[in-house]
Amino acid sequence: MNQDQLQPSTWEGAMNWLSNHRNYFIGASSFALIVVVWQMIAMTQPSYVFPSLVQVFADIIRFGEEGDLLKATLATAKSVALGAGASLLVGTLVGFALGKYEAFTSPILNFVQTVPYVVWALMSMIWFGLSQFAVVFTIFIAGFTVISFNVAAGLKQVDAHLLGMAQSVRANHYMIFRHIVLPSLAPYLLSAARTTLGICWKIVVLAELFAGGGGGGGVGYNLYVSWEFNRPNEVFAWTVWLVILMMLTEWMVIMPIESYATRWKKN
Amino acid sequence: MSSIAVNGLTKIFNTASGPLKILDDISFDVAEGEFVCLLGPSGAGKSVTLNCITGMLPATSGSVLVDGISVFEKKPNYGYVFQQPRLMPWRTVEENLRFALRAETGKPQADEDKRIQDVLELVNLSGYEKFYPHQISGGMQHRVGIARAYVLNPGLLMMDEPFGALDEMTARRLRSELASTWLKDRRTVVFITHDIIEACFLADRIVIYTPKPTHIAEIIEVKLPRPREYGSAEMHQVESDVLAVFERTLKDFMQIIKDEHRAMAAVFNELLQHVDQVTNGSTPDFDLLDSIVSYLVEFPEKVHHPKEDEYLFAALAMRSPQTHDLIEEVKGEHRLGHELLDRLIEALRTFRTSRGRSDFESFSKAVRAFVDLQWRHMTQEEQVLMPMAAQCLKRDDWEQLTDVFRGNEDPLFGIKAKGDSTNLRKALLGLRTDIKENAA
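Order-wise, the sequence lines are chains A and B. Heads up, the first sequence is in this note's numbering, so the first residue is 1 and it goes up one at a time. Heads up, the second sequence is in this note's numbering, so the first residue is 1 and it goes up one at a time.
It is worth saying that the hints were derived from the structure and are not from the lab. Computed from a predicted model, the values in this text were never measured in an experiment. Where hints are given, some of them may not hold.
To be verified - The list that follows gives simulated cross-link-like pairs (lysine to any residue, SDA-like), each with its CA atoms no further than 20 Å apart:
1. A/K266 - B/E168
2. A/K266 - B/P133
3. A/K202 - A/V225
Please model the complete structure; the sequences and the hints are all you need to start from.
See the structure below:
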């Protein structure tokens, strides 16, 4: 076997594979940077100010063993799913209303959007008591305005050329909606869904904080309890877990949907 | 296959600057299976004609009959080809055609698949059903557009400069494809273009349009057999015939402008003569001044004499005995011909009336606002304000009028830009009405 002939092809193959999967490496190095910076800070601080990642993950594992992790995750995930789902549905409908009756709908939306999330959480608690419904309501209110504005913006961008084409084939309203308006809206909806989901995960902590145990005992509640019991390392642990959950949602929910919605763009 | 009969078609649009006549008494016929080209410069109303034939746009007057039935009563079954392919990028070729088939009812149609296959075969794109538009070339996308027009089995094919945006090579190829497709499956075609060679290559008859307001310059028959050859002697002959029509039309058009200029100059002279008379002591003839103002204000857009506005203002000023002081004021600043102004002032000196100052003050405020305008240099925004100004005048709302032109603290002008003063003239017409009422 000729060593000279073997080496270059393996080397080339390796290089090829690396360059094709370049993005994974860039992503991984980004994480590595976060880990490095985190540990650097953690080394110079006492553990109650800034725990090391080892401690954080140890705590997370402990939550898992004690059963808190699963219970909290399920509760929060349920709240987020319900809230985000309602946001999407109502937000889209309101978005259409905003597109058609802007003068009427716009002030209402602006009002809803400007009220601080904290106020919504408090009001929710007053109206709906210390319940999971209050949590869901808070994140629903927080999220649906984003979707509405995005949908309204998307509606303005529907290609006028395609609408003219639809007119030339005498298309009815349903056909125009189903085949031209909705697909045009897809990227806007996707972007809005992504933002909304991020907001939902963040606000759920706030909402669960106010709703207390009655809110289902989710991640946010546990985070707050840790704080109350003076265990900042646990606060960090729950926070990191929340971030992991958010990334999982992006990876397992949003990306597949995006893949499906943009399948026509591939070659 | 359907026949078209257009008779006396006239189309007037109501725009912000007044009625705009696009089509003027257009009449032509298209026989079944004939390929007719509408040839003319941009903006000549060719697309408008097409839309009137499909019933999309209602005609202001005249009739359009397809197969003997007015398009008002029954919209014809037509296929439309645009300048862009206008395919839905998120649907395959097949799905785009299916959309066209199901568009009207939303329900699946009989023989959908077969019709799609047939029409793709017609444009030589069999086998491309599952491709997305971004996966096929621009020329192929155009062919899908043509297929989509055919798939509805239309009696009429309307084509609005379909190859206008393409380079000559691709356009020639597509023209040949269109010609052979049409020979395979003949329909009645109305094809819009501004390209003389394209018209000569494709059409059975060429309808040549003049610029706005459009009427038909001539209809030329192209009796050459197909397939036609670019650059052949016969084609050259037809092309020269068409060019000759164009040149003749342009000459006529220029003549019209010259005639109207002469008419306008005559009106100016009349005004000056009248000013002389008034200076020498006779009463201003309000009717004459009215008619002069009407003439100048309603003058067709395309003809614009540089001194038009000055004379218009002078006539208006003369119209009111109260503008004496105002003229005195602005004399130094404004660009009105000083000589003319002098004459006016002399004339008006004899016409101090005993009317209250209040009328005059608000009037002068408003006119002052106009005068300061430098209307020759109005921007688009300023032009938009003119109809508002006219409304203020009609409502006798002098305050708001000055507000309009003062733009709430910041003056709008000072920005030098090109603009015509059609709207100003309209507003001044309103002003004239008020002056008339005040003077009466």
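Hints, one by one, checked against the model:
1. A/K266 - B/E168: Violated, at roughly 31 Å.
2. A/K266 - B/P133: 12 Å, holds
3. A/K202 - A/V225: 17 Å, holds
Violated hint: 1 only; the structure is consistent with all others.
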